[in-house]
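Asks: Letter by letter, the chains look like this.
Number of protein chains: 2
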Amino acid sequence: MSPLPALPRSELEVARIVWRLGSATVRQVLEELPKTRGLDFKTVQTYLRRLEAKGFLSAKRQGRSKVYRSRLRPAKVVREMIDDFLDRMFDGEAMPLLQHLIHDRGLSEEEVEQLRQLLNRLERENDEPDKS
Amino acid sequence: MSPLPALPRSELEVARIVWRLGSATVRQVLEELPKTRGLDFKTVQTYLRRLEAKGFLSAKRQGRSKVYRSRLRPAKVVREMIDDFLDRMFDGEAMPLLQHLIHDRGLSEEEVEQLRQLLNRLERENDEPDKS
DNA sequence: CATTGTAGCGTTCAATTGAACGCTGTCAAT
DNA sequence: ATTGACAGCGTTCAATTGAACGCTACAATG
Numbered sequence: 001m002s003p004l005p006a007l008p009r010s011e012l013e014v015a016r017i018v019w020r021l022g023s024a025t026v027r028q029v030l031e032e033l034p035k036t037r038g039l040d041f042k043t044v045q046t047y048l049r050r051l052e053a054k055g056f057l058s059a060k061r062q063g064r065s066k067v068y069r070s071r072l073r074p075a076k077v078v079r080e081m082i083d084d085f086l087d088r089m090f091d092g093e094a095m096p097l098l099q100h101l102i103h104d105r106g107l108s109e110e111e112v113e114q115l116r117q118l119l120n121r122l123e124r125e126n127d128e129p130d131k132s
Numbered sequence: 001m002s003p004l005p006a007l008p009r010s011e012l013e014v015a016r017i018v019w020r021l022g023s024a025t026v027r028q029v030l031e032e033l034p035k036t037r038g039l040d041f042k043t044v045q046t047y048l049r050r051l052e053a054k055g056f057l058s059a060k061r062q063g064r065s066k067v068y069r070s071r072l073r074p075a076k077v078v079r080e081m082i083d084d085f086l087d088r089m090f091d092g093e094a095m096p097l098l099q100h101l102i103h104d105r106g107l108s109e110e111e112v113e114q115l116r117q118l119l120n121r122l123e124r125e126n127d128e129p130d131k132s
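Going line by line, the protein sequences match chains A and B. Sequence positions in the first sequence follow the numbering used here and run 1 to 132. Sequence positions in the second sequence follow the numbering used here and run 1 to 132.
Some clues are possibly wrong.
[Claimed, not checked] Chain B residues, not near chain A, derived (Cβ > 12 Å throughout):
{"#": "1", "residue": "Leu-21"}
{"#": "2", "residue": "Phe-41"}
{"#": "3", "residue": "Ala-53"}
{"#": "4", "residue": "Gly-55"}
{"#": "5", "residue": "Arg-69"}
[As the list claims (entries may be wrong)] In silico lysine-lysine, DSBU-like type, Cα no more than 35 Å apart, as pairs:
{"#": "6", "chain 1": "A", "residue 1": "Lys-54", "chain 2": "B", "residue 2": "Lys-76"}
{"#": "7", "chain 1": "B", "residue 1": "Lys-76", "chain 2": "B", "residue 2": "Lys-60"}
{"#": "8", "chain 1": "B", "residue 1": "Lys-42", "chain 2": "B", "residue 2": "Lys-54"}
{"#": "9", "chain 1": "B", "residue 1": "Lys-35", "chain 2": "A", "residue 2": "Lys-76"}
{"#": "10", "chain 1": "A", "residue 1": "Lys-42", "chain 2": "A", "residue 2": "Lys-60"}
{"#": "11", "chain 1": "B", "residue 1": "Lys-42", "chain 2": "B", "residue 2": "Lys-60"}
{"#": "12", "chain 1": "A", "residue 1": "Lys-35", "chain 2": "A", "residue 2": "Lys-66"}
{"#": "13", "chain 1": "B", "residue 1": "Lys-35", "chain 2": "B", "residue 2": "Lys-54"}
{"#": "14", "chain 1": "A", "residue 1": "Lys-35", "chain 2": "A", "residue 2": "Lys-54"}
{"#": "15", "chain 1": "B", "residue 1": "Lys-66", "chain 2": "B", "residue 2": "Lys-42"}
{"#": "16", "chain 1": "A", "residue 1": "Lys-42", "chain 2": "B", "residue 2": "Lys-54"}
{"#": "17", "chain 1": "B", "residue 1": "Lys-76", "chain 2": "A", "residue 2": "Lys-76"}
{"#": "18", "chain 1": "B", "residue 1": "Lys-42", "chain 2": "B", "residue 2": "Lys-76"}
{"#": "19", "chain 1": "B", "residue 1": "Lys-76", "chain 2": "B", "residue 2": "Lys-54"}
{"#": "20", "chain 1": "A", "residue 1": "Lys-35", "chain 2": "B", "residue 2": "Lys-54"}
{"#": "21", "chain 1": "A", "residue 1": "Lys-54", "chain 2": "B", "residue 2": "Lys-54"}
{"#": "22", "chain 1": "B", "residue 1": "Lys-35", "chain 2": "A", "residue 2": "Lys-54"}
{"#": "23", "chain 1": "B", "residue 1": "Lys-42", "chain 2": "A", "residue 2": "Lys-54"}
{"#": "24", "chain 1": "A", "residue 1": "Lys-35", "chain 2": "B", "residue 2": "Lys-76"}
{"#": "25", "chain 1": "A", "residue 1": "Lys-76", "chain 2": "A", "residue 2": "Lys-66"}
{"#": "26", "chain 1": "B", "residue 1": "Lys-54", "chain 2": "A", "residue 2": "Lys-76"}
{"#": "27", "chain 1": "A", "residue 1": "Lys-42", "chain 2": "A", "residue 2": "Lys-76"}
{"#": "28", "chain 1": "B", "residue 1": "Lys-66", "chain 2": "B", "residue 2": "Lys-54"}
{"#": "29", "chain 1": "B", "residue 1": "Lys-35", "chain 2": "B", "residue 2": "Lys-76"}
{"#": "30", "chain 1": "A", "residue 1": "Lys-35", "chain 2": "A", "residue 2": "Lys-60"}
{"#": "31", "chain 1": "A", "residue 1": "Lys-60", "chain 2": "A", "residue 2": "Lys-76"}
{"#": "32", "chain 1": "A", "residue 1": "Lys-35", "chain 2": "A", "residue 2": "Lys-76"}
Rather than coming from a laboratory, the hints here were simulated on the basis of the structure. These numbers come from a predicted model, not from an experiment. Virtual Cβ for every residue (Gly too), placed ideally from N, Cα, C.
Use the sequences and the hints to build the structure in full.
Replies: Structural data, given as C-alpha cells:
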C-alpha cells in the first residue's frame, strides 16, 4: 500500500534494462545503455544499489559479481507510475490524457486500428462475463 | 526548442492552479489549494517565483501584490510533459500507454463511448482533409 | 607467486526540490 | 502620525538525484 518510492529518470532507465533482460549485472546494464549515454561503470553501480535499497530490485551475489533482478512486477510498477502521472497532471482522470494522445499526437493509421481493436475486445469481454 | 525546464510535483500543482484561474496572486493560489495541503504562504510564493524564473509564468505587479499568469500555452506544456513521460517509460511509443490505460485501468462504460467517438471523429477528419 | 584488472562498498559533491524564515516596504485603519 | 497586517525579496536547509571516486578484495594469467 505504501506508495512506492520515487523512481527518477536515471534510475528508471537502468531499471527498465533489468526488467527487459530479466536479470543483469552492472556490466550488462552498462552494455545495454546507448553508447552516447556515457555513464561510468561506478555510476550504473550506484543506481543499481539505490534501486535495491528502494526495493525495486533484488540482488544476489554470483561469483564476484552481483546479479540484479526485479523484485516487483514491472507491469505493476509501470501502472503505479501512470496513476501517479495522471494524478499530477489531470487529477487522476484518464480521459484528458487519452484525448491528448489521440488528438494532439499524430497516431499512425496502424495505431488507430490497433486502438479500435482494443476497444472492441473490451466490449466483448464486457458483454460475456468471465468464462475461463 | 530547448526542452523546457523541469516542472516538479509541487510547482506543477501550483502552476495548474494559475492555468485554471487564468491569473492569480499568491493568496489566490493558496486559497485554491486543498485545505489539507497545509502549505505556507511563503512556500507558495517561492514556487511561483521559481515558476517565473523558469519561464513558465510571467508576473506583473498590481498594487502591492504580484499577479501571475501563464507565459506558455498550458496545452503545450502538458504535451511536452506527456512526450517526456512517454520517452522515459516506453521509448516514446504511445501504444503501450494506451494499452495500459484501456486494459489495466477500468474505463467506465461512458469513457469507452467517448473514446470510440474520438476515434470516429479522427477517421472522418482523415478521410476528408482540411476544409476550414 | 606477483600482477593486473574488475567488482563491491562506502563516500563524496553539486544541483534540484520541498518547504519555510527574516527583514523590509507599504497600504490601510486608528 | 503610528501601528499593524500583509507582500516581496533574498536566504536557508534538509532530502533527493545525477554522477563519479578511492580503497579494498579477489580471481585469473603470465
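Asks: Given the hinted pair Lys-42 (chain A) and Lys-60 (chain A), is their Cα-Cα distance within 35 Å?
Replies: With Cα atoms ~18 Å apart, Lys-42 (chain A) and Lys-60 (chain A) stay inside 35 Å; holds.
Asks: Taking 35 Å as the top limit, are the C-alpha atoms of Lys-54 (chain A) and Lys-54 (chain B) close enough?
Replies: It holds: about 31 Å lies between the C-alpha atoms, which stays within 35 Å.
Asks: Measure nothing beyond the straight line between the CA atoms of Lys-35 (chain B) and Lys-76 (chain B); if it is 35 Å or shorter, mark the hint as holding.
Replies: With Cα atoms ~29 Å apart, Lys-35 (chain B) and Lys-76 (chain B) stay inside 35 Å; holds.
Asks: Is Lys-54 (chain B) within 35 Å of Lys-76 (chain A), Cα to Cα?
Replies: holds (34 Å)
Asks: Going by Cβ atoms, does Phe-41 (chain B) stay more than 12 Å from chain A at every point?
Replies: Holds, since 23 Å exceeds 12 Å.
Asks: Gly-55 (chain B): least C-beta distance to chain A exceeds 12 Å?
Replies: Holds, since 19 Å exceeds 12 Å.
Asks: Does the alpha-carbon distance linking Lys-66 (chain B) and Lys-54 (chain B) stay inside the 35 Å limit?
Replies: holds (17 Å)
Asks: Measure nothing beyond the straight line between the CA atoms of Lys-76 (chain B) and Lys-76 (chain A); if it is 35 Å or shorter, mark the hint as holding.
Replies: holds (29 Å)
Asks: Compare the distance between the alpha carbons of Lys-76 (chain B) and Lys-60 (chain B) with 35 Å, and conclude whether the hinted pair is satisfied.
Replies: holds (22 Å)
Asks: Under the criterion that the straight-line Cα-Cα distance not exceed 35 Å, is the pair Lys-35 (chain A), Lys-60 (chain A) satisfied?
Replies: holds (27 Å)
Asks: Given the proposed pairing of Lys-35 (chain A) with Lys-66 (chain A), does the C-alpha separation stay at or below 35 Å?
Replies: With Cα atoms ~23 Å apart, Lys-35 (chain A) and Lys-66 (chain A) stay inside 35 Å; holds.
Asks: Taken at face value, is the distance from the CA of Lys-54 (chain B) to the CA of Lys-42 (chain B) at most 35 Å?
Replies: It holds: about 18 Å lies between the C-alpha atoms, which stays within 35 Å.
Violated hints: none; the structure is consistent with every hint.
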